[in-house]
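Position chain B against the provided structure of chain A, taking the given hints into account.
There are 2 protein chains.
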Amino acid sequence: MKIGVLGPRGTYAEIAARTHFKGKGEIVPYPMITDVAKAVARGEVDAGVVPVESLREGSVGETLDVLAWEDVKIQAEIVVPISHALLGVKGAKLEKITQVLSHPQALAQCREFLRKNLSNAELIEMTSTAKAAEQVSKLKQAHMAAIGPKALVQLYELQVLRDEIQAGETNLTRFLCLAKTDAKKTGRDKTSIVFYTATDRPGILYEILGEFASRRINLTKIESRPSKKALGDYLFFIDLEGHREDQKVKEALIGVRKKTAMLKVAGSYPKKF
Amino acid sequence: MKIGVLGPRGTYAEIAARTHFKGKGEIVPYPMITDVAKAVARGEVDAGVVPVESLREGSVGETLDVLAWEDVKIQAEIVVPISHALLGVKGAKLEKITQVLSHPQALAQCREFLRKNLSNAELIEMTSTAKAAEQVSKLKQAHMAAIGPKALVQLYELQVLRDEIQAGETNLTRFLCLAKTDAKKTGRDKTSIVFYTATDRPGILYEILGEFASRRINLTKIESRPSKKALGDYLFFIDLEGHREDQKVKEALIGVRKKTAMLKVAGSYPKKF
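Order-wise, the sequence lines are chains A and B. If you're matching positions, the first sequence starts at 1 in this note's numbering and goes up one per residue. If you're matching positions, the second sequence starts at 1001 in this note's numbering and goes up one per residue.
One chain only, chain A, in its complex shape:
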């Protein structure tokens, strides 16, 4: 089994894939989320794992676009806690670090730790935590460290200098497992839909939500996103509780279809939170 993930190797998408597939399957990294989805649609990989939402950063626009436009279904959601470690080459010591490399967001999340422990270190911005680890590993300098997930140590032969260095509350990220088909009904499911109204008549969204409210279907997420045609022209993304084969969900979706210009059921899958 092949599993496409948003690369490079060792990022949180790979951790999510390993968690969900219990370490089985061959991981195939792709440079962009759209590439992962297209590989799934073409059958080049059996499943693809991409981030969709972070507690701290919000939704991932590229993944929402993929749900709207690519021929893929959501088969599962995977929730992964994001935690950062300071990683150095073997033999490196925390107090000797003078350069810290990472993605700007990871550097920001670890600002407090850096100020207390490495206030004189130079901070170098990289485009991903994995690229930072790769760089430290390649240059083999004991004064350099990367910030990223602990799992990077195996891939790049590094060691953990300090674990859990991010500030504040836990940061959870939600990933989606994309495949050619969605999941069977379990009795505790969620369904994701995407629609486009093609009218900005006041109240149209209200009427659509009425299809769910009148059937007491709980919505767990709603988001509008520019349709890429013009700013102010929106696609809507809704997550709701229930499986698309549940009688009341079925009826609600028939109602929604009548009120919209485009409706795509992106998939039903077991509810994980």
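Keep in mind the hints are simulated off the structure, nothing from the lab. Do not rely on the hints blindly, as some may be mistaken.
Straight-line distance between alpha carbons at most 27 Å, and here's what the computed DSSO-like set of lysine-lysine pairs gives [what the hints assert, rightly or not]:
id: 1; chain 1: A; residue 1: LYS93; chain 2: A; residue 2: LYS116
id: 2; chain 1: B; residue 1: LYS1180; chain 2: A; residue 2: LYS131
id: 3; chain 1: A; residue 1: LYS2; chain 2: A; residue 2: LYS24
id: 4; chain 1: B; residue 1: LYS1138; chain 2: A; residue 2: LYS140
id: 5; chain 1: B; residue 1: LYS1022; chain 2: B; residue 2: LYS1140
id: 6; chain 1: B; residue 1: LYS1138; chain 2: A; residue 2: LYS138
id: 7; chain 1: A; residue 1: LYS150; chain 2: A; residue 2: LYS24
id: 8; chain 1: A; residue 1: LYS264; chain 2: A; residue 2: LYS185
id: 9; chain 1: A; residue 1: LYS248; chain 2: A; residue 2: LYS258
id: 10; chain 1: A; residue 1: LYS116; chain 2: B; residue 2: LYS1038
id: 11; chain 1: B; residue 1: LYS1131; chain 2: A; residue 2: LYS138
id: 12; chain 1: A; residue 1: LYS138; chain 2: B; residue 2: LYS1140
id: 13; chain 1: B; residue 1: LYS1184; chain 2: A; residue 2: LYS131
id: 14; chain 1: A; residue 1: LYS2; chain 2: A; residue 2: LYS180
id: 15; chain 1: B; residue 1: LYS1116; chain 2: A; residue 2: LYS38
id: 16; chain 1: B; residue 1: LYS1131; chain 2: A; residue 2: LYS140
id: 17; chain 1: A; residue 1: LYS271; chain 2: A; residue 2: LYS2
id: 18; chain 1: B; residue 1: LYS1022; chain 2: B; residue 2: LYS1150
id: 19; chain 1: B; residue 1: LYS1022; chain 2: A; residue 2: LYS131
id: 20; chain 1: A; residue 1: LYS150; chain 2: A; residue 2: LYS180
id: 21; chain 1: B; residue 1: LYS1250; chain 2: B; residue 2: LYS1184
id: 22; chain 1: A; residue 1: LYS93; chain 2: A; residue 2: LYS38
id: 23; chain 1: A; residue 1: LYS185; chain 2: A; residue 2: LYS96
id: 24; chain 1: A; residue 1: LYS180; chain 2: A; residue 2: LYS138
id: 25; chain 1: A; residue 1: LYS180; chain 2: A; residue 2: LYS93
Just chain B now, with coordinates in the frame of chain A:
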């Protein structure tokens, strides 16, 4: 007058600020969106310009958080077309370029141009288009080029090797001008609100939208975003047509306030699109 912007110098936030303030005012760059908002709240700058939404990438989570939690108001929205140019040192020639530096998104948007014109060039990812331009300017190598907004040429003493190299349709980005107060009524206004329901009772969002639908107030945007307390616990962001001093908007907001645990009117400002 001082205007805080999301830095570094020369990024699209600065272009938006210059467009809105017609070149007047001193630009003060800050490393993060939250820093810009806090500087506005403290009175360190008179206004702050931050990105809120891109046609291609969707909403900027950090800006939505700022609207919910920082003591700032939206005074204006500013829409800027994003267009990329290939920038080199003075005397550089397109056909001699062997390294292209830019933000991964800009490199992706210019993939077609690069494949046709610089298929053998090495692509180097930087954390911003401005950092890429700065690097090219610093190293003064005729074989290096950066991709970014044309406006970077003045800041970094570069020249445009080729303009408008991005693929596909226009990409517009919407920026917000934050200040201590919002804008006066013009008759063609928008209002942004943030609220939190503190209940996941099915239909609560439907009831809230009813306050607007029943008064024929058009919503131009709706988005839910994790409240940072737990995944699945959401803040709602709505943009609606009208000024908070319009009678029907006033009445709707009174109705919304009764149904929510927290409501913040982030500001009313002239509608730009």
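Evaluation of the provided hints:
1. LYS93(A) / LYS116(A): Holds: LYS93(A) and LYS116(A) sit about 16 Å apart, inside 27 Å.
2. LYS1180(B) / LYS131(A): The given pair, whose Cα atoms are some 40 Å apart, is violated under the 27 Å limit.
3. LYS2(A) / LYS24(A): holds, 9 Å
4. LYS1138(B) / LYS140(A): Holds, at roughly 26 Å.
5. LYS1022(B) / LYS1140(B): Distance of about 32 Å is beyond 27 Å: violated.
6. LYS1138(B) / LYS138(A): Given pair LYS1138(B), LYS138(A) holds - Cα atoms ~24 Å apart, limit 27 Å.
7. LYS150(A) / LYS24(A): holds, 20 Å
8. LYS264(A) / LYS185(A): holds, 18 Å
9. LYS248(A) / LYS258(A): holds, 16 Å
10. LYS116(A) / LYS1038(B): The given pair, whose Cα atoms are some 22 Å apart, holds under the 27 Å limit.
11. LYS1131(B) / LYS138(A): holds, 23 Å
12. LYS138(A) / LYS1140(B): holds, 26 Å
13. LYS1184(B) / LYS131(A): violated, 48 Å
14. LYS2(A) / LYS180(A): Within the cut-off at roughly 13 Å; holds.
15. LYS1116(B) / LYS38(A): holds, 23 Å
16. LYS1131(B) / LYS140(A): holds, 25 Å
17. LYS271(A) / LYS2(A): At roughly 24 Å apart (the allowed maximum being 27 Å), LYS2(A) and LYS271(A) satisfy the hint.
18. LYS1022(B) / LYS1150(B): Holds, at about 18 Å.
19. LYS1022(B) / LYS131(A): violated, 40 Å
20. LYS150(A) / LYS180(A): Not OK: LYS150(A) and LYS180(A) at ~32 Å, beyond 27 Å, violated.
21. LYS1250(B) / LYS1184(B): With a Cα-Cα distance of about 15 Å, the restraint between LYS1250(B) and LYS1184(B) holds, given a limit of 27 Å.
22. LYS93(A) / LYS38(A): violated, 43 Å
23. LYS185(A) / LYS96(A): violated, 55 Å
24. LYS180(A) / LYS138(A): Measuring from Cα to Cα gives roughly 38 Å; hence the hint is violated.
25. LYS180(A) / LYS93(A): The given pair, whose Cα atoms are some 47 Å apart, is violated under the 27 Å limit.
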